[in-house]
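Student: Going down the list, the protein sequences come from chains R and V.
Take the first sequence: its letter number 193 is residue 193 in my numbering, and every next letter is one higher.
Take the second sequence: its letter number 203 is residue 1203 in my numbering, and every next letter is one higher.
If you are wondering where the hints come from, they were derived from the structure by calculation, not from laboratory data.
Quick caveat, the model's predicted, so the values are computed rather than measured.
One or more hints might be untrue.
Here are the simulated SDA-like cross-link-like pairs (lysine to any residue), alpha carbons at most 25 Å apart as the crow flies [what the hints assert, rightly or not]:
1. K286/R - A1031/V
2. K286/R - G1098/V
3. K28/R - P196/R
4. K28/R - D47/R
5. K286/R - I1200/V
6. K286/R - L1022/V
7. K286/R - Q1026/V
Partial chain R-side listing against chain V, Cβ under 7 Å, derived [what the hints assert, rightly or not]:
8. V171
9. L173
10. V175
11. L308
12. V312
In silico negatives: residues of chain R with every beta carbon more than 12 Å from chain V [stated by the list, open to error]:
13. Q8
14. E170
15. S176
From the three backbone atoms N, C-alpha and C, an ideal C-beta is built for every residue, glycine too.
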Amino acid sequence: MIAHFLVQGAQMALVLLLAPLLTGIVRKVKARLLRRRGASVFQPYRDLLKLLRKDVALAENASWLFRATPYLVFAVTWVAAALVPTFATGLVFSWAVDLIALAALLGSARFFLALAGMDVGTSFGGMGSSREVTIATLAEPAMLLIIFTLAFIAGSTQLSAIAAFMLSPEVGLRVSLGLALVALIMVAIAENARMPVDNPATHLELTMVHEAMVLEYSGRHLAMIEFAASLKLLLYVSLIACVFVPWGLASGGGGPAAYVIGAVTYAGKLTAAAVFLAVFETAVAKMRVFRVTEFLGAALMLGLLATLLLFVSRPP
Amino acid sequence: MTGLVFDIAHLLAGCLVLVSFLMLYQDRLYALLNIFALHALVLALSVAWQALIQDAPHLYVTATIALLFKAIIIPVALHRIIQRLGIHRQIETVVGIGPTMLAGMGLVALAMVVMLRVATDVNVLAREDLAFALAVVLLGLLLMVTRRNAVGQVVGFMSLENGLVLAATGAKGMPLVVEISVAFSILIAFIVIGIFLFRIRERFDTVDVHVLDSYRGEQG
Chain R
1 MIAHFLVQGA QMALVLLLAP LLTGIVRKVK ARLLRRRGAS VFQPYRDLLK LLRKDVALAE
61 NASWLFRATP YLVFAVTWVA AALVPTFATG LVFSWAVDLI ALAALLGSAR FFLALAGMDV
121 GTSFGGMGSS REVTIATLAE PAMLLIIFTL AFIAGSTQLS AIAAFMLSPE VGLRVSLGLA
181 LVALIMVAIA ENARMPVDNP ATHLELTMVH EAMVLEYSGR HLAMIEFAAS LKLLLYVSLI
241 ACVFVPWGLA SGGGGPAAYV IGAVTYAGKL TAAAVFLAVF ETAVAKMRVF RVTEFLGAAL
301 MLGLLATLLL FVSRPP
Chain V
1001 MTGLVFDIAH LLAGCLVLVS FLMLYQDRLY ALLNIFALHA LVLALSVAWQ ALIQDAPHLY
1061 VTATIALLFK AIIIPVALHR IIQRLGIHRQ IETVVGIGPT MLAGMGLVAL AMVVMLRVAT
1121 DVNVLAREDL AFALAVVLLG LLLMVTRRNA VGQVVGFMSL ENGLVLAATG AKGMPLVVEI
1181 SVAFSILIAF IVIGIFLFRI RERFDTVDVH VLDSYRGEQG
């Protein structure tokens, strides 16, 4: 029993340790693709440590909500990221890893962040919150449709069960799964404020969404929010890897060898995802804010199409 | 094995529907043409797979025709036309992309509902191919309706014809002669349309078909 808890604890620590590294690798590959040398892949750790040591500059009219939100967002995102199977399924808390619960956790984190953006009353924060919520109103229905598709196919919204089903030979090639994958990637890009939707490295007033919302934060509050953003990226990568490339995942009864295999393949998947994301971000241009609704509308449409096609692709 | 055979046929037909949606999403002419070439490529793959599983060698000819004419010759020719007309930068849609997408979803749902009801007692694979084919045809019609530019309408017409070919291969009955004559009539239609485009442009200095409305005589 204690060993089970240890494995779960290891996963919780692992996501915490790996999240900044993933961000660092993406930045490094992006820099190399632009023929810059780029900062070390460990730079995000240093940034976080530096921010943690700095004082917090608070606006005079900031309420308790503004101060509590960074910790809340971090905690909720960490819980969500620690629940998604990374190297093994069938952990102690696997019964709680429901896709709808994940969507709800992330949704509540976003809710508080949007509130905090408006708390101080600066125009940027309000603008960022408004844009973030606009994006969310399209991204969340798309996410839910993807969840419905997966649940229809696998017969469960629990991630462990879905991963187990994807590993079984009865999956076959399905159009709906392909559509769901594309839609999930689009939602992940939008949710993580990555390139065609939002530029994570910009502070240009007209285009920023996520950065505008957290503009008032500094010091350890900012560290929490940046950490949460890294965790969210890791979460989405783990989610996509767990559902669509579940090979190598250690199942519940496996010994230490299975865990090692799981960890190694997980590292491989993370690196592949980081390189893919960096190449994709280098290849596309940021779109206008008003185009984002079309982009996410396409994701929503793909999700809807995936659900619709399920009715014809039921095995004979 | 039958499961996988079915899945691949299904996947290719589903991809065709998806590429139709991609065409609806494009708002630039060159991108539209590239996606149209992709559409024809997916169609060729789908037909070739049907040839393999139905053991019908004449379908390979259909696949080759689709690949040659629709994936290479027609897109290249349309590229040239666009270049000569000098309209590669403009495209106007009648309604926005969002409503078009929604209408497209409605049409796909309609196609599924109709086909699953009507063709209950045929082979499953044929039935679903028919459902997808109907969806592609309807999406092609939608593309024609939503574009103001004549070149966009031509592409919509061609993609509609791709849907017909998909239906024909799924139904296991279309003789090769019919297939070849359809392919050639499409090519001839394309040539006629091409000439027509230049005529329209010579006369009205644009290929925006809305300009034609004022020459109908109703409003004047």
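Student: Evaluate each hint against the coordinates.
Tutor: Do the hints match the structure? See the list:
no.: 1; hint: K286/R - A1031/V; result: 18 Å, holds
no.: 2; hint: K286/R - G1098/V; result: 20 Å, holds
no.: 3; hint: K28/R - P196/R; result: 19 Å, holds
no.: 4; hint: K28/R - D47/R; result: 15 Å, holds
no.: 5; hint: K286/R - I1200/V; result: 37 Å, violated
no.: 6; hint: K286/R - L1022/V; result: 19 Å, holds
no.: 7; hint: K286/R - Q1026/V; result: 17 Å, holds
no.: 8; hint: V171; result: 9 Å, violated
no.: 9; hint: L173; result: 4 Å, holds
no.: 10; hint: V175; result: 3 Å, holds
no.: 11; hint: L308; result: 6 Å, holds
no.: 12; hint: V312; result: 5 Å, holds
no.: 13; hint: Q8; result: 36 Å, holds
no.: 14; hint: E170; result: 8 Å, violated
no.: 15; hint: S176; result: 8 Å, violated
Violated hints, in rising order: 5, 8, 14 and 15; the structure is consistent with all others.
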